[in-house]
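Each chain sits in its own coordinate frame; assemble them with the hints.
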Amino acid sequence: MSVDEIKIGGMGASRRRVEDNRFIRGKGKYVDDVVLPGMLHMEILRADVAHARIKSIDTSAAWEVPGVRLVLTGEMMAARNLAWMPTLSYDTQAVLATDKVRFQGQEVAAVIADDPYIAKDACAKIVVEYEALPVIVNPDQAQSPDAPLIRDDKENQPTNKIFDWEIGDKSGTDKAFEEADVISTIDLHYPRSHPSPLEPCGSIADYDRSTGKLTVYMTTQAPHIIRAAVAMVAELPEHQIRIISPDLGGGFGNKVPVYPGYVISILASILTERPVKWIEDKTGNLISTGFGRDVYLQGQMALRKDGKILGMRMHTISDHGAFYADAQPTKFKIGLMHSTFACYDVPAAHLTSTGYYTNKAPGGVAYRCSFRVTEAMFFQERMMHAAANDLGMDQAEFRRVNLVKDDMFPYRTAFGFLTDSGQYDKCMQVGMEAIGYDTFKEEQEEARKRGRLLGLGISTMTEPLGAGNSREYDILGIKMFDSAELRVHMTGKAILRTGAKTQGQGHETTWAQIVAHELGIPADDIVVEEGDTDTAPFGMGTYASRSTPVAGAAVAMAARKVRAKARKIAAHLLEVSEEDIEWELGRFYVRGNHDRGVTIQDCALAAYSNMPDGMEPGLENVSYYDPPNLTWPFAAYFCKVEVDPATGVWDVLKFVAVDDCGVRINPMIVEGQVMGGLTEAYAMANMQYITFDESGNCIGSNYMDYLLPTAWETPGFELHEVVTPCPHHPIGAKGIGECATVAGPAAFVNAVMNAIEHTGVRNVDMPLQPNRVFEALQTGQDVSGMPPVKVE
Amino acid sequence: MYPSRFAYEAPTSLAEAIAILDRSGGEAKILAGGQSLVPMLKLRFAAPGTLVDINNIPGLGEHWLDKDGTLHIGALVRHEDLEYSTVIADSHPTLAAAAELVADPIVRTRGTFVGSVCHADPQGDWAATMVASGGQIIAQGPNGRRAIDVREFVLGPFTNALAYNEIAVEAVIPPATGTAKGGYLKLERRVGDFATASVAVNLDMHGDTVHRAGCALAGVGGRTIDANDAINGALKGKTLTPENIEAAADAVAAMAEPRSDHRGSADYKRHIVKTFVSRILSNIAHSEQKAA
Ligand SMILES: Cc1cc2nc3c(=O)[nH]c(=O)nc-3n(C[C@H](O)[C@H](O)[C@H](O)COP(=O)(O)OP(=O)(O)OC[C@H]3O[C@@H](n4cnc5c(N)ncnc54)[C@H](O)[C@@H]3O)c2cc1C
Chain W
1 MSVDEIKIGG MGASRRRVED NRFIRGKGKY VDDVVLPGML HMEILRADVA
51 HARIKSIDTS AAWEVPGVRL VLTGEMMAAR NLAWMPTLSY DTQAVLATDK
101 VRFQGQEVAA VIADDPYIAK DACAKIVVEY EALPVIVNPD QAQSPDAPLI
151 RDDKENQPTN KIFDWEIGDK SGTDKAFEEA DVISTIDLHY PRSHPSPLEP
201 CGSIADYDRS TGKLTVYMTT QAPHIIRAAV AMVAELPEHQ IRIISPDLGG
251 GFGNKVPVYP GYVISILASI LTERPVKWIE DKTGNLISTG FGRDVYLQGQ
301 MALRKDGKIL GMRMHTISDH GAFYADAQPT KFKIGLMHST FACYDVPAAH
351 LTSTGYYTNK APGGVAYRCS FRVTEAMFFQ ERMMHAAAND LGMDQAEFRR
401 VNLVKDDMFP YRTAFGFLTD SGQYDKCMQV GMEAIGYDTF KEEQEEARKR
451 GRLLGLGIST MTEPLGAGNS REYDILGIKM FDSAELRVHM TGKAILRTGA
501 KTQGQGHETT WAQIVAHELG IPADDIVVEE GDTDTAPFGM GTYASRSTPV
551 AGAAVAMAAR KVRAKARKIA AHLLEVSEED IEWELGRFYV RGNHDRGVTI
601 QDCALAAYSN MPDGMEPGLE NVSYYDPPNL TWPFAAYFCK VEVDPATGVW
651 DVLKFVAVDD CGVRINPMIV EGQVMGGLTE AYAMANMQYI TFDESGNCIG
701 SNYMDYLLPT AWETPGFELH EVVTPCPHHP IGAKGIGECA TVAGPAAFVN
751 AVMNAIEHTG VRNVDMPLQP NRVFEALQTG QDVSGMPPVK VE
Chain Z
1 MYPSRFAYEA PTSLAEAIAI LDRSGGEAKI LAGGQSLVPM LKLRFAAPGT
51 LVDINNIPGL GEHWLDKDGT LHIGALVRHE DLEYSTVIAD SHPTLAAAAE
101 LVADPIVRTR GTFVGSVCHA DPQGDWAATM VASGGQIIAQ GPNGRRAIDV
151 REFVLGPFTN ALAYNEIAVE AVIPPATGTA KGGYLKLERR VGDFATASVA
201 VNLDMHGDTV HRAGCALAGV GGRTIDANDA INGALKGKTL TPENIEAAAD
251 AVAAMAEPRS DHRGSADYKR HIVKTFVSRI LSNIAHSEQK AA
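So the protein lines, in turn, are chains W and Z. Each residue of the first sequence is one higher than the one before, starting from 1 at the first, in our numbering. Each residue of the second sequence is one higher than the one before, starting from 1 at the first, in our numbering.
Chain Z on its own, in the form it takes in the complex (with noise of 0.2 angstroms):
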């Protein structure tokens, strides 16, 4: 590959990787795992003047829950270590279930929660989850710290809100206040393909009754789609019989602005995505029986 010409900083802690940010005036990019910043200087749609490579920089790699159960994810966790994590399959079920979606294994190798939720790609599997879990972005810049709303960070097509000299260093994600359940599907030609059309549930269950419900899509908008008021309409204080599954899906199929293309027409994507929020809420129902 040949990009365009750029510097390489490596720095080693966060207030050297901020100050270089700062200095650049704009023209710095960072580099985590380089799975969408490298393809885009090949291409060169990117052409930073400076790659601030952080994964030299230490204590960014962890992921863990706090003792009220908020998960915690470093700037360089790498998807795989959610695949494998130990910690989140029941705190964190959404996110869970589609750790083995995203991307193709060798990709997860690399490529990092965190960068995947500040590219703000409309097919990113992370952004979903995160914005169906109610998540944050701790952003860090010259002034120090700031927590802000998924919902208002990712903003719309590859832009996010960071200004020029933060970095986002960790991701925040709550737990449920009851029981946590949810799932991730995802429709792909091929594994390592991006969504044709996913969606992401989240619910905080309270014995069987919905105490809060979080929904939201990919691949089928511009933009990463909130489904949450969609879903939390049809589900909140319910539980989930089969009319209020089918009122959820479809009330979630509202929100989608899928677009035709070669994967498919825009009926096709927004049937799919009926399809997998009541697959996901079924599966959600019936394992419930079964515990029960």
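So that you can see chain W by itself, here it is in the shape it has in the complex (with noise of 0.2 angstroms):
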């Protein structure tokens, strides 16, 4: 008499989104679609060069135009103390630019007026007076010893250089080096690429004097955590600020930091008390915003004649644009890179990494991954491929040598994480037999005879999803845990909420399958709210897949600790102790009598009309979950490519996926981010950049030059599960939001290259746009992506 797990839409149901019954109909609420009462309209100015002297601002025509109501220049932020922001790496950020403008596109002054037209009009009527200085665009540029200096804003700052970090074993690293066979290099550049949500960011701010109440309905993954970072930078009461973050139109790790145009709509409200609209263009997404990745990944490895690896050293040189706004845990300089190889076993490794500031837009957001976990594996597989290589052994074969087998877990990285499940060479069995494995290299053969070019390439990675443990991971000290807060109502249906925020990832329909695999209460029956801070409980947000592995954790167990109450009704109810209880989806009864028992519906009635002496009224829980560890997801990718000799233009013939994420709560939705995500990667590797000309114009400030693909050219992919549960989470269940972006570049790279290496050629640089594979065809010769690009 239990209820049907999959019919009341329990785990592993593929149930239709919920959410998409007003996505599709364009009933979606974002921040833009949020009118108030009064409200005015922001729009910033940006700096039109990329290193420059601001030696005058005026602003006296902007305020002439009927409709202004203010104009905003660093000059008055600095005023209020309000002209720089701390940024989530322990930086400051300029929130308008006071003495310089650092990158094209950096926020120079803001009109506030009655209509976005206005605004616009009066801000190309602010006269900005620059004096150029020279640019750098590239961290080679930025170590020169005559370098300008970006940051003269900062005390201690001699040179432009971040940071210089490092971790593994260096001694045990240089040992296995020499006792080498075989030493294997290689050099890559993982290009800036942009999460490019198609909502941008934006903020209203509404300001209420007489209250003191600041509500700031805004575009962000971790309402939280802002609400903290406005009440430190605003100084403003905590229980005083209102983060709301309705819908939003992607985020993938864009919508993570604290933007200046947040920071001026709210001080703008401040001074007009007036609630203040700012709404990002795509141009202004796509140019200030959080950008992902912009490293050059050096690599080396000590390898045994038979293929062993010995040990492996990497060198990381990133570009932070003109501030360190890096979103990652605070211990982690370079985020999780250290994350790389963690699915081979290898017995000593060493990372260094140094960081600099370059005249670009700041970021380094973790572009749907969790903190450079995508350029760690994407560097991993590069690595391989060419180590493979370097050996004259098969790609599959060298990975299954080394990959970490099923019965050493738990496992012990080099770089110290703790790696605790998997199966991978069964994923890799999968995919070799799904792309034809063992017939492919006769195929190459032939195909080559015949003038055509094939290529095959793997790509294979675990990744560290699920930040925290509180012990290692926090953001500006605030611990990385999650948090879920269930009310079950009177006739059994429930209020789910909790830290995170849904940016597409299908919260509103997983949440309540998992309430429903714990309670049995139908998973329609479950109304699932996050975003706003008066009403959520306090987490960090959602991002670095965490939400499954952390506040889907906290949901079970919130659901778990209403069944324990629920139990104690029962008990009541059936008049029986409640050792004689047992319970089976949906429904107590008593041990030994399967035909008397109660519903979990029956219990939430009770807990409200008939609840046993002395227990508590109500039905609900809130539970903050701290996860013991990480969740180590595994991926197994293989791609194979045919390249045209002629042009340079390749085209994705088959691709398949193994993906091993643990326990999967609904099939469809993970399909749909590994599909998702496999889009991104081939985009990455196929047409997608943003890069800089030597003046630091931004190339990629518009979606004719940053190319989203669409289903035209989007190869298909063919999907294979594997399911390795888990061993921590309470329902198996692992990250699976990145797997594909993650894991995907390489397999795409690593084909394109197997076709065309036999010219000597070892590295073409993403993205493999035609020309580049083309050149590296001519010539048997490396091809680099490193700004800046000549534009005659």
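If you are wondering where the hints come from, they were derived from the structure by calculation, not from laboratory data. The model shown is predicted, which means the values in this text are computed figures rather than measured ones. Watch out, some of these pointers could steer you wrong.
Said to hold, decoys possible - Mimicking DSSO-like on lysine-lysine, the simulated pairs with C-alpha atoms at most 30 angstroms apart in a straight line are:
#	chain 1	residue 1	chain 2	residue 2
1	Z	42	W	120
2	W	125	Z	42
3	Z	238	W	125
The structure is reproduced here in structure tokens:
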């Protein structure tokens, strides 16, 4: 008589996404849909040059435009101690420039007016006089002895270097290299990309002087962190700040940081005592908000003749733009780069990292990735590819020799992570079978005889998803746990709130499935709410694939605590002692008498109408969950391509993705996440980058230059699954939101390289545009993607 | 999007539209499909005082072949109309080949052929097909109609030969005297991308001999590149042998004026032009052989 879990939309049900009801009808409610009485509109004037001293800003003509209410400059912000704000990496960032502009697109002034047309008209009337300074667009230029100092605003910042950082075992690694038969090297650039959510960033600040309350509607993936940040920056009491993050049109990491526009709109509302709306345009989003990647990856690998990896060295040189604003756990200067090689048995490893300022937009956000894990895994799989070639060993065989075996878990990686579960070799086998691995080499040879270039690339990885635990992970000192609050109403319906914030992941659907799984309440009877700091429990938000590993676990724990209370109520209703009560999905019954039972709905009613003596009424719980470890999903991707030797154009012939993300709450949503991630991976590998010319002009400031793939050119993906439950997660789930973006790019690149490396080329930097592939084919030389690009 | 302030007019006849343009003294702009003009308004690269929306003017939405095979394309014929056209495949294969490569399917539902030629984007696909095919634009103004050879119409980047009070009402493309053959190849980074390099080739074949050859290039210069003489010089009166194809491809590639940028070096783009010319011609030669 237990309820049928799939029928009630529980775990494992490919339940349709409930949020899609409004999204596909165009009824989503985004920040820009919010209209408040008396609302003003703000437009930001951005620098059109990349590095220049500000000699003067004349706003008088802007003030004259009818309908203009306020014009703000850096000087006016400075008078209120708001010209600079802290970043998520303990640096400072200009809110409105006072002394210099340091990248093209930097915020210089803001106009607040009756409507957005007027604000824009008036912005065009502000006259800024600049004195040009030399421009730096890559780390090579940044470290040159005669480089101009970008951050002359800071004390103790004599050069453009931000940090030197290292982790791992240097002497052990040196020793491994001494013992190596073969040493393989690789030198890569992971280009600057941009998460470019379809909805740009924006906010509506509404300060009410009579109550002292500041309400801000904001495009943020982490409303509670923003509340804390606003409390610190604007020096307002935290209980008087309410951040509401309504429907988000995508985030992908772009909506984690605090942006100048948010801060300016808040001050503007305080000054005008009117709500102030700021909605960034797409160019503003692309040129000024958090980018991803932009890091040079250099590696060396020590190998034994038989293919065993003995050790690994990695050096990263990262380009952070003008302000060090990476969103990442505090302890780690270059995110979780040291998760590289976590799926391989590598005895010794050492990572060194150097970060630089350049005249480019700040960011370094985790674009659909758990803090630089994308770069770490791209490096890993490009390194593996090169090493297998240098050994003259088969790509799959080389990986299988070195992958951590099933019986080695829990496995401590050379950099100290603890991976806990997986069936790596099984995933390899599933993928090899599906792509037709065994016959490929023959096929490739046959094709080459007829002048056709085929290639096959592999990418495998495990990645650390779901930060915390709180011992190791914090952002600005706030520990990385998460929370859920479940309230079951009298009629057995429920509301669930969490500290996460969905942006397309489908929390409204899957959280209800977890509750359904734990309580047997139909998922349709549970409403999920997130994003309002006045109502949701405190949480760190959604990014880095952390929602299911952390908030999702909190949901399960809250439901279990509710069930524990319901059990007491059931005992009372059934007039037996609690020990005699058994649970099956949706129902308690008396041990030995299956017919005598009460449903969870009966217990809910009793919690408000017939509770046992001495019991607190109500049926609800707030749970905070601090995970014991990260979760470690595994991916094995296989890609087959054909390259046109006359043009360098390449097509994907087949792509096989095997993902093991543990228990799948909603298989359809998991597949959607993988499909979307692979599409983004394909874009990065094939067409997408934000680059700069030598004057620091951003090339990629609009969607004609920064390319988002469409359904037309995106190849089909064949998906497979292997399930190894996470041993420590309450429902055995692992993160999946980012696996495909992280593991995907190397599969495409390795495939193209495999098709052309007979010319002697070892590397072509992403994106593998036809011209780059063609150049490699012609010259047999590596093709570097380091800016500046030459634009005649 | 927040463009500069403008007035909006939506006349229902050509005469009315021309009168508005005439009165505006050059401050007005015609709005056809809006797929180039609206982005320019958004970026405030264009700030016309008045938009004259011609979409309500009847009689401009048709394309047809007249008795001698001349193709007429009205000012409101959308890219998509040509993509799904049942009349141009045999008579005007160059246009037919380009139709599905212009922009993306969404843009193709709104953008107009004539608007694209008027816009004179050096990367525009239609202007290249027009130049290769010897087309004309029919302009109508207060003093009536005139026909302008497309090579005198597309003057430079984003400049055409229309007077401020003229409307391009139609494009006219002549038929082949023998069999029409042609092709269009475009290197794009993504569907909906403008051309990194593209090639339009149009042949008038008498048997297996080339009676007239036409060619134009997009994306590889500051304007649509007219390579008619280059290809005609190499192929007129000849058959499509591998040697002749090679010579034609070289001659056309020499006409390109590409610049290096993030899409590729000048050399690469020139190489693509050459590759595309020989691919189109080889395909035609190959299909001729099959037909024979
Ligand atoms: C995302 C995107 C991708 C695109 N990709 C491509 C591509 O790959 N290749 C390509 O060729 N084009 C591309 N385009 C441009 C598209 O083809 C436009 O439709 C075309 O360039 C202009 O046609 P329109 O009808 O939209 O003209 P509009 O935008 O309405 O007008 C363009 C200009 O022509 C003038 N004009 C229009 N009609 C007339 C007329 N009858 N008489 C006089 N003047 C007139 C207007 O005043 C304006 O100056 C793309 C556009 C977009 C938005």
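Which earlier hints turn out false for this structure, listed by number in ascending order?
Structure breaks hint 3 only.
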